[in-house]
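**Student:** Residue numbers (the numbering used here), protein chains in the order written: chain A, 1 to 103; chain B, 1001 to 1238.
In short, the hints are calculated from the structure, not lab data. A virtual CB, placed ideally from N, CA and C, is assigned to each residue, including glycine. It is possible that part of the hints are untrue.
Claimed, not checked - The calculated BS3-like cross-link candidates involving lysine-lysine, where the alpha carbons are at most 30 Å apart (straight line), are: (1) B:K1047 <-> B:K1189; (2) B:K1114 <-> B:K1103; (3) B:K1114 <-> A:K26; (4) A:K26 <-> B:K1003; (5) B:K1103 <-> B:K1157; (6) B:K1003 <-> B:K1019.
To be verified - Beta-carbon label-pair distances, calculated as ranges: (7) A:E81 <-> B:K1019: 33 to 43 Å; (8) A:M49 <-> B:Q1107: 38 to 48 Å; (9) B:D1158 <-> A:G17: 19 to 29 Å; (10) B:T1039 <-> A:R79: 45 to 55 Å.
What the hints assert, rightly or not - A few chain A residues that don't get close to chain B, going by computed Cβ distances all over 10 Å: (11) A12; (12) Y21; (13) I41; (14) D53.
Here's the letter readout for the chains.
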Amino acid sequence: MILFTISIVVLAVILIGVAVYAVMQKDLLFAVIATGVMSLILSVLFFLMQAPDVALTEAAIGIALTTIIFVITIRNTSRREDEVPILKESDASEMDDKQKAKI
Amino acid sequence: MRKLLVLFLLAVIAFSLYKPLSTIEFGADRMGSIENPTTVGAYYLSKTPSELSVANVITAIVVNYRGFDTLGEVSVLFLAATGLGSILYRRRKEGEHSISISKPSSQLLQAGSKLIYPAILVLGAYVFIHGHLTPGGGFQGGAIIATGILLMMMSYKDFHLNHTVLTWIESLAGITFATIGIAGLIVGKTFLENFMPIGTLNDLFSGGIIPIIYIAVGFKVAAELAGVLDTLLSIKEK
Chain A
1 MILFTISIVV LAVILIGVAV YAVMQKDLLF AVIATGVMSL ILSVLFFLMQ APDVALTEAA
61 IGIALTTIIF VITIRNTSRR EDEVPILKES DASEMDDKQK AKI
Chain B
1001 MRKLLVLFLL AVIAFSLYKP LSTIEFGADR MGSIENPTTV GAYYLSKTPS ELSVANVITA
1061 IVVNYRGFDT LGEVSVLFLA ATGLGSILYR RRKEGEHSIS ISKPSSQLLQ AGSKLIYPAI
1121 LVLGAYVFIH GHLTPGGGFQ GGAIIATGIL LMMMSYKDFH LNHTVLTWIE SLAGITFATI
1181 GIAGLIVGKT FLENFMPIGT LNDLFSGGII PIIYIAVGFK VAAELAGVLD TLLSIKEK
C-alpha cells in the first residue's frame, strides 16, 4: 500500500515536471514530445487509480494521435516559438478585402 | 489591471470550488452500500448486473443509462471530422493528392509496422467487441485502430484510404445507432430502450443492444479518426 502511494506521488511529480518543461520549451517539437510523455505518465496513473477505460483512451489519443497531429502542424508552420507567424501582410490585406466585400 | 482581473477571476473560481466541497468531509464515503443505494452511482453498481447483465458497469452507464449523451458525443466527433475536411479540402486541391513525407521511411519501420499492423487491428476490434465485458469500448477500440492505420501511413508513402468507403462506414454506423434508438422507442417506451434479450452475465452475447451499439461506435470512431489523419497528412508541403 505504501509502495503504491509512493509510486503515485513520484509519477505525479514527474508529470508536473514534464508539463512545465512542455510549457517553457521554445523548440515546439521538444514541447510536443514532452506532451506525449506527459500523456504516457498520465495513462499509467489512470491505470493505477483503477480507471483502465480512461487509460486506454489516453494511451491511444494522447500519445499517438494528438502528438502526430501537432507534429504535422509544426511541419507546416514553424518549429521555433519566437519566429514570426506565417501570415504575410499581403495575405492579410487580401483577406481584409474579401471580408469587406462580404460585408 | 489585467493581472488584478486574473487574480479576481481565480479567486472567484477557488471560492466556487471551495463552497460546495467544504461541506463534504475529506475521504468520506458518499456512495452508500450496494445493498441500500443512496446515490446514483451505488444504484448503477447494484442494478446493472440484474437489469442488463453487463459486467462492465461503465459501459452500461455510457451506452444504456446515458445512451443519448453518447449519441451526442458521436455526432460532435462527426462534426469535427467533417469541419476539418471541409477546411483542408481547398488546400488539398491545389497540389496533386500525395502524402508529403519527403523522405521514405526506413526498411526497419516498414517491416516492423507490417508485422504489428494486423495485431493492432485485432486488438482494437477485440476492445470494442468485448466492451461490455472488459475495460474499454467503442471509442477506445476505434482509437486503437486509428493508431494502427497511422503507423501504416507513416511507413508507406502510397498507403491511401478511400474516403468514399470511410464516409459510408461513418454514415452506416451512425444510422445503426439512431435506428436502434428509434426501435427502442417503437418497441418499448423510451429512446434507446433495451428491447433485446439480455442473456446471462459474462457471456459474449449478452447485454441486449449494448454490444451492437458499441460495435457501431467503434467503426465510426475508427473511420473518423483515420479520415482526419489522412486529410492532415495529405496537405502538400510549401
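**Student:** If a hint holds in the structure, say so; if it does not, say that too.
**Tutor:** Here is what the structure says about each hint:
1. Annotation: proposed proximity of K1047 (chain B) to K1189 (chain B) holds, straight-line Cα distance about 20 Å (limit 30 Å).
2. Distance restraint check for K1114 (chain B) and K1103 (chain B): the Cα-Cα separation of roughly 19 Å lies within the 30 Å cut-off, and the hinted pair is therefore satisfied.
3. Between K1114 (chain B) and K26 (chain A), the direct Cα distance comes to roughly 36 Å. Violation of the 30 Å bound is thereby established for this hinted pair.
4. At roughly 24 Å between alpha-carbon atoms, K26 (chain A) and K1003 (chain B) fall within 30 Å of each other, so this suggested pair holds.
5. Restraint check for K1103 (chain B) and K1157 (chain B): the C-alpha separation of about 9 Å stays at or below 30 Å, so the hint holds.
6. Straight-line distance between C-alpha atoms of K1003 (chain B) and K1019 (chain B) comes to about 24 Å, which keeps the hinted pair within the 30 Å bound.
7. Taking 33 to 43 Å as the suggested C-beta distance range, the pair E81 (chain A) and K1019 (chain B) conforms, at roughly 38 Å.
8. Between M49 (chain A) and Q1107 (chain B) the CB atoms are about 41 Å apart, so this pair conforms to the stated range of 38 to 48 Å.
9. The hinted range of 19 to 29 Å is not satisfied by D1158 (chain B) and G17 (chain A), whose Cβ atoms lie roughly 41 Å apart.
10. At about 50 Å, the CB distance of T1039 (chain B) to R79 (chain A) agrees with the hint of 45 to 55 Å.
11. A12 (chain A), annotated as away from the interface, keeps every beta carbon of chain B farther than 10 Å; the closest lies near 18 Å.
12. With 10 Å as the threshold on Cβ separation, the claim that Y21 (chain A) sits away from chain B holds: the shortest Cβ distance comes to roughly 23 Å.
13. Every CB of chain B is more than 10 Å from the CB of I41 (chain A) (nearest about 18 Å), matching its label as outside the interface.
14. Non-interface call for D53 (chain A) relative to chain B: violated, since the shortest CB-CB distance, roughly 5 Å, does not exceed 10 Å.
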